[in-house]
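Participant: Just remember that the numbering used here sits 13 ahead of the position in the sequence shown, which is counted from 1.
Any given hint might turn out to be false.
Each computed SDA-like pair below joins lysine to any residue, with the alpha-carbon atoms no more than 25 Å apart [said to hold, decoys possible]:
#	residue 1	residue 2
1	56	134
2	157	198
3	62	136
4	157	219
5	62	219
6	157	182
7	157	143
8	157	173
9	62	143
10	56	46
11	56	33
12	157	244
13	157	35
14	229	157
15	62	34
16	56	135
17	62	177
18	62	222
19	62	78
Label pairs and their in silico Cβ distance ranges [claimed, not checked]:
#	residue 1	residue 2	range
20	34	161	25 to 31 Å
21	34	146	24 to 30 Å
22	218	56	54 to 60 Å
23	161	183	49 to 55 Å
24	228	175	15 to 21 Å
No lab work stands behind these hints, which were simulated from the structure alone. No residue lacks a Cβ here, since even glycine has one placed at the ideal position from N, Cα and C.
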Amino acid sequence: MTPTLAFLDSLFSETPSSPSPTGIIVAVAVSLVLNLLVAWLYKATYRGKQYSQDYAHTLVIIGTLVTIIILIVRGEGGGQIAFGMFAAFSIIRFRRNVTQSRDLAFIFCSMATGLSVGALPLNQVWLAAVVMAIVALAVVILAKGDLFAPTRVSHNLRVRVTNDINYDEVFSPIFAQFADDVNLRSVESSQAGMMTELRYGITLSDESQIADFMEKMQVACGNNRVLLTTLRGNDLGV
């Protein structure tokens, strides 16, 4: 072995319980890159309305710090790695409300990335990258493919009728013809009790027939107010 190769081998050589200085630096750098990808994945697949930049930064910081903790524990002895993993999970306390269940999953994803990079020998860190790529692909497919999504209403419908109209009997044939799903959300008295305002969540079976649907609803409610609002994204408000 040439002197140059021997020097490089000494830099990157490590044992499971005693990572080399170069190995520590490389592991922390790899952990930082992978956790930046976790944060990017979180942002790219986020579907709520309260995205937090601080939370994305926290994912990066947590994952990288967990790697450092595991590397320190490895330096004290291989038998202490399990204790270090337990400590890494137990010291995390979040002082914010988790708005979505998937936020918690990304916390564990970041920590798992940090744990795997810190615990694996340097020549096996690529395994953490491969596993992270598989998880990222699964998350993208779930998010972009909208898998396991519930049936979402496509429109909000507001109708006013006089009190002498039996709206269940009058509207049922129209809904059966034009809608796949209808949910009555609220019934409200209006016009000093002379009229009733109904609010529905409705999924139209064919949006090209909206004009026909509105015409029949207008006739059925006695030419009173009919308002159909298209919903966008996750807006399910009434």
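Participant: Next, verify each hint and record whether it holds.
Facilitator: Do the hints match the structure? See the list:
| no. | hint | verdict |
| --- | --- | --- |
| 1 | 56 x 134 | 30 Å, violated |
| 2 | 157 x 198 | 29 Å, violated |
| 3 | 62 x 136 | 41 Å, violated |
| 4 | 157 x 219 | 24 Å, holds |
| 5 | 62 x 219 | 29 Å, violated |
| 6 | 157 x 182 | 40 Å, violated |
| 7 | 157 x 143 | 21 Å, holds |
| 8 | 157 x 173 | 38 Å, violated |
| 9 | 62 x 143 | 31 Å, violated |
| 10 | 56 x 46 | 15 Å, holds |
| 11 | 56 x 33 | 35 Å, violated |
| 12 | 157 x 244 | 19 Å, holds |
| 13 | 157 x 35 | 39 Å, violated |
| 14 | 229 x 157 | 37 Å, violated |
| 15 | 62 x 34 | 43 Å, violated |
| 16 | 56 x 135 | 29 Å, violated |
| 17 | 62 x 177 | 42 Å, violated |
| 18 | 62 x 222 | 31 Å, violated |
| 19 | 62 x 78 | 29 Å, violated |
| 20 | 34 x 161: 25 to 31 Å | 46 Å, violated |
| 21 | 34 x 146: 24 to 30 Å | 28 Å, holds |
| 22 | 218 x 56: 54 to 60 Å | 35 Å, violated |
| 23 | 161 x 183: 49 to 55 Å | 36 Å, violated |
| 24 | 228 x 175: 15 to 21 Å | 19 Å, holds |
Hint compliance for this structure: hints 1, 2, 3, 5, 6, 8, 9, 11, 13, 14, 15, 16, 17, 18, 19, 20, 22 and 23 are broken, all remaining hints hold.
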